[in-house]
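Student: Sequence:
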Amino acid sequence: AKDSSKYFNNLEARVVVYRGEEKEAEKIAFDQRVNGTITQVIELTYGLVFEKIGKQQKIVGTTRQEVPDYPEAALREAITNAVGHRDYYDSMPVHVELFDDRLVITNPGGLLPGQTKQNFSKNPKHRNPLCYKLLQDLGFGEGLGTGVPKIIKQCRQVGLPDPNFDNLDNAFQLTLYGPPSDKVRYPVESENPRQQQALAFAKAHGKITTKELAKLTGVSLPTAVADLNELVKQGKLRRIGRYRGVHYAISENFKLL
Numbered sequence: 002a003k004d005s006s007k008y009f010n011n012l013e014a015r016v017v018v019y020r021g022e023e024k025e026a027e028k029i030a031f032d033q034r035v036n037g038t039i040t041q042v043i044e045l046t047y048g049l050v051f052e053k054i055g056k057q058q059k060i061v062g063t064t065r066q067e068v069p070d071y072p073e074a075a076l077r078e079a080i081t082n083a084v085g086h087r088d089y090y091d092s093m094p095v096h097v098e099l100f101d102d103r104l105v106i107t108n109p110g111g112l113l114p115g116q117t118k119q120n121f122s123k124n125p126k127h128r129n130p131l132c133y134k135l136l137q138d139l140g141f142g143e144g145l146g147t148g149v150p151k152i153i154k155q156c157r158q159v160g161l162p163d164p165n166f167d168n169l170d171n172a173f174q175l176t177l178y179g180p181p182s183d184k185v186r187y188p189v190e191s192e193n194p195r196q197q198q199a200l201a202f203a204k205a206h207g208k209i210t211t212k213e214l215a216k217l218t219g220v221s222l223p224t225a226v227a228d229l230n231e232l233v234k235q236g237k238l239r240r241i242g243r244y245r246g247v248h249y250a251i252s253e254n255f256k257l258l
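For the sequence shown, this note's numbering begins at 2 and goes up steadily by one.
Worth flagging that the hints you see were computed from the coordinates, not collected in a lab.
One or more of the hints may lead you astray.
Each pair of labels, with its calculated beta carbon distance range [claimed, not checked]:
(1) ASP167 to GLU25: 39 to 47 Å
(2) ARG34 to PRO162: 26 to 34 Å
(3) TYR178 to GLU253: 44 to 52 Å
(4) LEU131 to GLU25: 32 to 40 Å
(5) THR224 to ASP91: 28 to 36 Å
The calculated lysine-lysine pairs, modelled on DSBU-like cross-linking and capped at a C-alpha distance of 35 Å, are [stated by the list, open to error]:
(6) LYS134 to LYS154
(7) LYS208 to LYS28
(8) LYS212 to LYS56
(9) LYS151 to LYS56
(10) LYS216 to LYS234
(11) LYS216 to LYS28
(12) LYS56 to LYS234
(13) LYS154 to LYS28
(14) LYS208 to LYS154
Note that the coordinates shown come from a computational prediction; the quantities given were computed from them, not determined experimentally.
From the three backbone atoms N, C-alpha and C, an ideal C-beta is built for every residue, glycine too.
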């Protein structure tokens with residue numbers, strides 16, 4: 002997995018958040034590209050998207066719980082599918098676009114010969130056998146086989162409309178429909194892009210180190226230390242260990258909104 006980028010070209014995703022329901026440049030609230038190995042692209046993209054989607058407070062029993070506007074399992078399946086089935090000869094990144102009322106995931110490469118919008122979920126074909134085998138070995142294989150029925154089931158279980166699947170020119174697009182837009186809330190931005198990646202990585206992997214952040218973002222170790230220390234000061238990360246064993250994890254009192 003560490004060397005997967007040398008086998009697959011164009012390992013990249015782009016996460017864009019729009020304020021409102023229209024795709025207009027002046028309404029972009031967040032725009033970030035994600036690069037790395039295939040598993041890093043999946044995990045970091047998922048972490049960023051989960052951080053950006055709206056959350057609702059619900060009372061379950063005697064406790065208050067934070068419920069995301071889109072099912073977590075459906076998000077993970079959709080992102081895994083998009084990265085795993087994309088056309089790696091196409092230089093376009095996987096696009097994940099969040100609007101007030103919907104989440105749209107578009108991957109380069111349409112359906113394969115013999116597949117249609119009506120039968121593709123029951124007629125699975127693999128554009129990238131090597132990629133498919135790698136993801137299976139790493140525990141991501143389910144999202145490449147039974148992912149579509151699972152996404153539909155997850156949406157229905159939480160009362161959301163069925164997702165829409167579109168086979169476009171040289172691309173495939175999945176649209177997840179969210180709750181009414183007046184219930185969607187966006188987080189207040191208070192981190193720089195490197196710190197946002199640090200939070201997403203820590204959420205996806207359980208922790209992050211200075212070296213990991215430096216490698217992930219291409220900055221020096223002192224800059225990575227400063228970014229992580231600022232997140233500790235803000236109460237978003239907690240520092241664990243001493244000396245060479247120091248790492249950072251999401252603070253128990255902080256939730257990625």
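Student: If a hint holds in the structure, say so; if it does not, say that too.
Tutor: Hints, verified against the model:
no. : hint                         : result
1   : ASP167 to GLU25: 39 to 47 Å  : 20 Å, violated
2   : ARG34 to PRO162: 26 to 34 Å  : 30 Å, holds
3   : TYR178 to GLU253: 44 to 52 Å : 33 Å, violated
4   : LEU131 to GLU25: 32 to 40 Å  : 39 Å, holds
5   : THR224 to ASP91: 28 to 36 Å  : 33 Å, holds
6   : LYS134 to LYS154             : 25 Å, holds
7   : LYS208 to LYS28              : 33 Å, holds
8   : LYS212 to LYS56              : 32 Å, holds
9   : LYS151 to LYS56              : 21 Å, holds
10  : LYS216 to LYS234             : 22 Å, holds
11  : LYS216 to LYS28              : 31 Å, holds
12  : LYS56 to LYS234              : 24 Å, holds
13  : LYS154 to LYS28              : 32 Å, holds
14  : LYS208 to LYS154             : 31 Å, holds
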